[in-house]
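*Asks:* Each chain is listed here by its residues.
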Amino acid sequence: GAVVSQHPSWVICKSGTSVKIECRSLDFQATTMFWYRQFPKQSLMLMATSNEGSKATYEQGVEKDKFLINHASLTLSTLTVTSAHPEDSSFYICSARDHWKDWDTQYFGPGTRLTVL
Amino acid sequence: AQSVTQLDSQVPVFEEAPVELRCNYSSSVSVYLFWYVQYPNQGLQLLLKYLSGSTLVESINGFEAEFNKSQTSFHLRKPSVHISDTAEYFCAVSDGGSQGNLIFGKGTKLSVKP
Numbered sequence: 001g002a003v004v005s006q007h008p009s010w011v012i013c014k015s016g017t018s019v020k021i022e023c024r025s026l027d028f029q030a031t032t033m034f035w036y037r038q039f040p041k042q043s044l045m046l047m048a049t050s051n052e053g054s055k056a057t058y059e060q061g062v063e064k065d066k067f068l069i070n071h072a073s074l075t076l077s078t079l080t081v082t083s084a085h086p087e088d089s090s091f092y093i094c095s096a097r098d099h100w101k102d103w104d105t106q107y108f109g110p111g112t113r114l115t116v117l
Numbered sequence: 001a002q003s004v005t006q007l008d009s010q011v012p013v014f015e016e017a018p019v020e021l022r023c024n025y026s027s028s029v030s031v032y033l034f035w036y037v038q039y040p041n042q043g044l045q046l047l048l049k050y051l052s053g054s055t056l057v058e059s060i061n062g063f064e065a066e067f068n069k070s071q072t073s074f075h076l077r078k079p080s081v082h083i084s085d086t087a088e089y090f091c092a093v094s095d096g097g098s099q100g101n102l103i104f105g106k107g108t109k110l111s112v113k114p
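Protein chains in written order, with my numbering: chain A, 1 to 117; chain B, 1 to 114.
Isolated chain B, as found in the complex (with noise of 0.2 Å):
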């Protein structure tokens, strides 16, 4: 069975100061992994999700994310933040079948101050 574990429920940080949200998988098959942000009272967007190739992916708003096999982690940084990157960040993970479910984690609370 997959799982997803997001090690931290909320991290504060201070605006244009660097972040990283962690994110561990487990599984025993090739998976997908991808991270989903969420805006107050919205919903989920998908920020970016590595499928194959080069394991460095990027969103289009500054955020990056590595998937590492042999650490079966996925984690997510940005090298500054801003005020409006404060949001709920979730990560998942699917094994890619013909359902293609997510398995998410828990969630991660950026909160960013100025």
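Bound conformation, chain A alone (with noise of 0.2 Å):
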């Protein structure tokens, strides 16, 4: 139980281009999710959390305007690269968590690698 995916894996795309990766609870639902960012060698740096139906809560550095956040339902969140930058490159991963099962676990996604060329 408790399984995250996320969709693409990998992605390559040009610059200036928008990119969406969807994160989704396979077997549970996932009253708040996070994304993830983490650059080589480096540890994971929380980009945003989302409560079901809530706008993002976007951590300090963070452009909300650059990374959309959209988590509609239990099941899916979704991070929009808007207007994609070689700085962008990096491994994305998503978390989510049951609020009223788990709570206190936070269950990953296998990561998205995103390259901009």
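Rather than coming from a laboratory, the hints here were simulated on the basis of the structure.
Among the clues, some could well be false.
To be verified - Over 12 Å on every C-beta distance to chain B, these chain A residues come out as not near it, computed from the model:
1) 29
2) 61
3) 67
4) 86
5) 115
As the list claims (entries may be wrong) - Restricting the straight-line Cα-Cα distance to at most 25 Å, the calculated cross-link-like pairs of lysine to any residue (SDA-like) are:
6) 41/A to 24/B
7) 41/A to 82/B
8) 41/A to 13/B
9) 41/A to 40/B
10) 41/A to 2/B
11) 41/A to 9/B
12) 64/A to 19/A
13) 113/B to 40/A
14) 49/B to 64/A
Said to hold, decoys possible - Okay, the calculated bits of chain B under chain A, using three or more residues with CB under 8 Å as the criterion:
15) 38-50
16) 104-113
All figures in this text were calculated on a predicted structure; none of them were measured in a lab.
In this text, a Cβ means the ideal position worked out from N, Cα and C, and glycines have one as well.
Hey, can you piece these two chains together into the complex? The hints should help.
*Replies:* Structural data, given as structure tokens:
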């Protein structure tokens, strides 16, 4: 149980285009979803937190107009990187939590490798 | 503000040797502590967690960690490692608030050699 999937697993795009990454909780309802960014040989950096049906809460320094997060249902959250640039190339990881069942634990997706040319 | 320090970025060990991955945290409030493991090209998986109660927690694959409040530590140990334990290990702390945000350490890469 508690499986989180991400799609796509990797994507290459041209500079200036937008990329959408999906995060799905497959066997539980995700009341809260988190988006992280991981640079090579670095730890995970929390970008934003979203609760189903609410606007995402962004961490300091993260541009909300550039990284659009939508959490429209209890099983799906999307991260859209708008007007991507090479410096946005990174490993993006989502996690999900069921506040009512296993409130203390985040379950992580496998990540999406974004390369912007 | 909370923070997590993993003192060793890399730990090479031989198979069947014991290993300890160190984790120290700082927080002004009660915390919940986690160890996550990331195998190559995979996402993070929860290894074990401390919320309350017994300070020694164990995982199903032989790892254990002990919460030491006085030393603000949550070191991860295994008495005998396998090649398959080769992975990146992340220590994380949460204040257990409504959002349950995790603060991660920088990770320790465990390399088990035959």
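*Asks:* Given the hint that residue 41/A pairs with residue 24/B, test it: the Cα-Cα distance must not exceed 25 Å.
*Replies:* The hint holds at about 19 Å.
*Asks:* Are three or more residues of the segment 104-113 of chain B within 8 Å, CB to CB, of chain A?
*Replies:* With 4 residues close enough to chain A, the hint holds.
*Asks:* Within 25 Å, alpha carbon to alpha carbon, are residue 41/A and residue 13/B?
*Replies:* Holds, at roughly 19 Å.
*Asks:* Quickly compare the C-alpha distance for residue 41/A and residue 9/B to 25 Å and report which way the hint goes.
*Replies:* At roughly 9 Å apart (the allowed maximum being 25 Å), residue 9/B and residue 41/A satisfy the hint.
*Asks:* Beyond 12 Å from every chain B Cβ: check whether that's true for residue 61/A.
*Replies:* 15 Å, holds
*Asks:* For the pair supplied as a hint, residue 41/A and residue 2/B, is the alpha-carbon distance within the 25 Å limit?
*Replies:* Given that 25 Å is the threshold and the Cα spacing comes to 21 Å, the pair holds.
*Asks:* Three residues minimum, CB to CB under 8 Å: does the segment 38-50 of chain B make the cut for coverage by chain A? Let me know.
*Replies:* holds (count 6)
*Asks:* Please verify whether residue 41/A and residue 82/B have alpha carbons no more than 25 Å apart.
*Replies:* 23 Å, holds
*Asks:* Take a quick look at whether residue 113/B and residue 40/A sit within 25 Å of each other, Cα to Cα.
*Replies:* Roughly 23 Å between the alpha carbons, so the hint for residue 113/B and residue 40/A holds.
*Asks:* Would residue 67/A pass as off the interface with chain B, using Cβ distances and a cut of 12 Å?
*Replies:* Since the minimum Cβ distance to chain B is about 17 Å, residue 67/A lies beyond 12 Å and the statement holds.
*Asks:* Would the pair residue 49/B and residue 64/A pass a check requiring their Cα atoms to be no farther apart than 25 Å?
*Replies:* 32 Å, violated
*Asks:* Over 12 Å from every CB of chain B: does residue 115/A meet that, or does the non-interface label fail?
*Replies:* The claim holds: residue 115/A sits with its nearest Cβ about 15 Å from chain B, beyond 12 Å.
This entry does not satisfy hint 14, going by the numbered hints stated previously; all others are met.
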